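Chemist: Single-letter residue listing:
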Amino acid sequence: MGGKKNTIDRKMDDCKEFTKEKHAKYFLRCLNALPSSLVSLDSIRLSISFFAISGLDVLGRLDLLDKHKEEYINWIYLFQILPNCNDECLERCGFRGSLAATFSLENQDTSCVGNVRNKGSISSHPLDTSHITMTYAAINTLLILGDDLGRIQRKGILAGVKALQLENGSFAATLEGSESDVRFVYCACCICYILQDWSAINIEKATHYIVNSISYDGAIGQDRNQEGHAGLTFCGIAALSLMGTLETSLSLNQKAKLVRWLVSRQQSGFQGRPNKLPVDTCYSFWVPATLKILGAHQFIDRKSNRKFVLDTQCNIIGGLSKWIDHSSDPLHSYLGLAGLSVCEETDLVEIIHPALNVTKRAFEHWQKLVND
Amino acid sequence: MHGRLKVRTTAEQQEIKAKERAKKMVIYKTAMNLIFSKRKSGELDDEILKITGQVLTENPDISTLWNIRKETILKIKDAMPDLIDSYISKELALTEQCIRVNPKSYNSWFHRSWVLDQGSSVDFHNEFLLCDKCLELDERNFHCWDYRRIIVQKSKTSLENELQFSTDKIQKNFSNYSSWHYRSELLPRIYPSSSDESLLDDQKLAEECNLVQNAIFTDPNDQSAWFYQRWLLFNGDEKFRTSSSHSSLLLTLNNELESCQQLHDLEPDNKWVKLQVCELLRRINGLGNETEILQLVQQLIKVDPLRKGYYTYFGNSTILMNLKKKIKKEFTSLILNTLIVSGSKIVEENQEKRTGQS
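Chains as they are written, first to last, in UniProt numbering: chain A, 1 to 372; chain B, 1 to 358.
No lab work stands behind these hints: they were computed from the structure. Note that the coordinates shown come from a computational prediction; the quantities given were computed from them, not determined experimentally. Be a bit skeptical, because a hint or two may be false.
[Unchecked claim] Listed next, the in silico SDA-like pairs over lysine to any residue satisfying Cα-Cα at most 20 Å (straight line):
#1 B:302 to B:267
#2 B:19 to A:36
#3 B:29 to A:45
#4 B:29 to A:37
#5 B:104 to A:178
#6 B:302 to A:302
#7 B:104 to A:177
#8 B:29 to A:34
#9 A:255 to B:236
#10 B:104 to B:58
#11 A:155 to A:122
#12 A:255 to B:317
#13 B:302 to B:220
#14 A:16 to A:311
#15 B:29 to B:51
#16 B:24 to A:42
#17 B:38 to A:100
#18 B:70 to B:122
#19 B:156 to A:225
#20 A:322 to A:17
#21 A:276 to B:220
#22 B:40 to A:100
#23 B:326 to B:315
#24 A:276 to B:104
#25 A:276 to B:146
#26 B:70 to A:129
#27 B:70 to A:179
#28 A:276 to B:136
#29 A:307 to B:305
#30 A:255 to B:283
All chains, full assembly: derive it from the sequences and hints.
Modeler: As structure tokens, this is what we get:
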């Protein structure tokens with residue numbers, strides 16, 4: 001009997017204990033102040049708050065924000081760029097990533113702005129424009145917080161999205177110019193899906209662009225003829241699924257090749273490209289989520305993925321890191337947990353909607369908004 | 001007590017660190033304030049280039065600062081077109097420094113390719129050297145591979161040259177996945193098949209099969225070559241079935257099967273070779289090879305349990321595919337039989353009629 005008990009104990013020890021509450025505290029801390037090691041992320045503040053707030057949602061601990069929910073919502077709207085009177089410069093609308101380089105707020109006292117029911121600010125400078133990733137992060141976060149999206153400048157945001165689509169179907173991130181690839185196509189699709197208005201996207205061109213970025217091994221790269229990558233593959237497949245063109249645009253053969261490529265990425269956790277080691281926590285989301293959209297997530301070995309993700313937990317301050325025994329950061333903390341959620345691990349309350357990357361609860365809130 | 005290192009207490013260390021951090025913070029804030037106030041008053045000059053450059057070498061990922069530099073460069077280009085080339089070379093030096101700080105900085109690589117379009121001439125030799133250096137450090141840096149494709153296009157470098165580059169990279173390291181990928185993109189462009197431009201010319205296909213076989217036999221555990229071989233052999237899957245080159249492909253597949261089976265004898269626990277044998281057997285004669293395929297699937301589950309679900313599916317889909325073929329076959333023969341029976345009946349009836357008439 002004794003021997004039997006020992007084997008059971010050993011099995012339990014195989015996995016690090018899941019320190020849920022510590023992660024919740026970690027996310028709260030990320031919301032309030034960035035650790036000094038991450039200070040360079042200040043210019044993308046909004047995406048950090050998306051990771052933290054959606055992370056709390058995945059943990060089923062959004063209640064920790066209850067008291068301040070309204071303030072957070074107001075704070076997020078502060079990043080919104082409003083159209084000028086007469087709707088001039090509509091295409092600059094959307095969200096900024098940070099207030100650090102904002103010219104229009106110079107005369108405002110930003111410290112108490114969170115308490116005011118604000119909508120954002122008009123940009124006074126021609127280069128004060130939105131960034132599509134930040135617009136995506138803002139709208140998703142508002143949805144998670146239960147906002148009714150009533151203060152969203154739909155007309156401006158859609159004009160902003162429309163202005164960023166290029167001739168080849170892809171999207172740039174900002175009006176001033178940036179690289180353009182499938183990451184920003186994905187953001188555009190999320191925005192239009194949530195706002196239920198596809199007038200801003202030429203779906204045919206965007207679909208064509210994504211299909212053209214498929215590499216010889218079936219995965220999707222940053223552009224035509226570039227090497228496939230799991231993160232970009234997620235963006236591409238999720239975008240096709242949101243646009244409703246996934247079924248018609250890929251042949252059975254293309255899907256089979258992609259599934260084979262994705263399944264081959266699992267080592268314990270997942271790698272982003274073939275032969276890239278060590279495995280990285282964020283791919284525990286990108287790969288399983290893509291497989292789930294394709295209806296092939298049953299091919300994942302959930303147990304070894306779970307073990308790897310839990311091994312990247314930081315026992316002291318909470319959060320998850322990219323690699324085992326490294327320091328945790330908001331992105332990998334969120335994606336690691338979201339990955340477990342996509343794999344339907346039962347100790348995470350909320351199941352992620354794989355293409356939109358929000359929880360089932362937030363998705364149902366969105367459905368209610370649409371139906372009303 | 002000479003020669004002893006002073007060991008600071010953690011409290012002391014922390015204090016020093018905090019002071020350094022505070023000092024850095026003041027410098028950063030002063031610099032950013034100066035940049036924004038200069039920009040506001042339209043002073044897009046050497047000084048703003050200097051300060052933004054200093055901040056960017058510390059943190060190359062502040063897009064706003066790169067945009068301010070773009071604005072400044074455009075202004076200089078407009079006002080002093082004779083001097084632009086010297087400014088361009090400074091931009092190139094700065095982005096190179098930033099790439100050293102963070103070789104995966106999207107902003108730095110993007111700024112560099114933007115800069116190339118601003119001057120009157122570009123020394124592409126230098127650009128290729130930079131790529132070489134970067135790929136020496138990290139042969140998988142896709143920012144650098146992508147940048148290389150950009151300068152190939154801008155400098156109108158021949159695709160053959162690039163194919164040679166990829167061959168060199170592969171010969172240095174067979175498992176350079178990025179380089180195999182580069183080939184897959186170049187080859188059909190240089191050696192398109194006469195029947196279909198998206199496919200590879202027969203002769204070149206044979207040569208590539210040879211190259212990739214060398215790689216596979218050198219390191220059968222490396223997936224780069226296996227993925228590449230899969231592309232080479234099965235890329236035209238849908239097209240070949242109906243085309244006239246079907247028989248020549250069948251010959252190639254049989255050759256590959258033979259060498260894969262040899263390798264399988266040498267490496268009985270290798271999952272890649274097992275899977276490739278399955279794929280080949282399925283394409284050559286899925287129905288006739290069913291038992292062998294299913295045996296291999298069972299072995300695959302044993303040697304690579306992480307992908308148990310996928311292999312099980314592979315086995316089941318093979319059975320299903322064969323079932324469909326069998327049904328189709330039986331159905332066809334049933335129809336044929338019916339036709340023959342009813343056909344002969346008609347003949348008989350006609351004969352009876354004829355004999356009745358006569």
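Chemist: Which hints, by number, does the structure contradict?
Modeler: none
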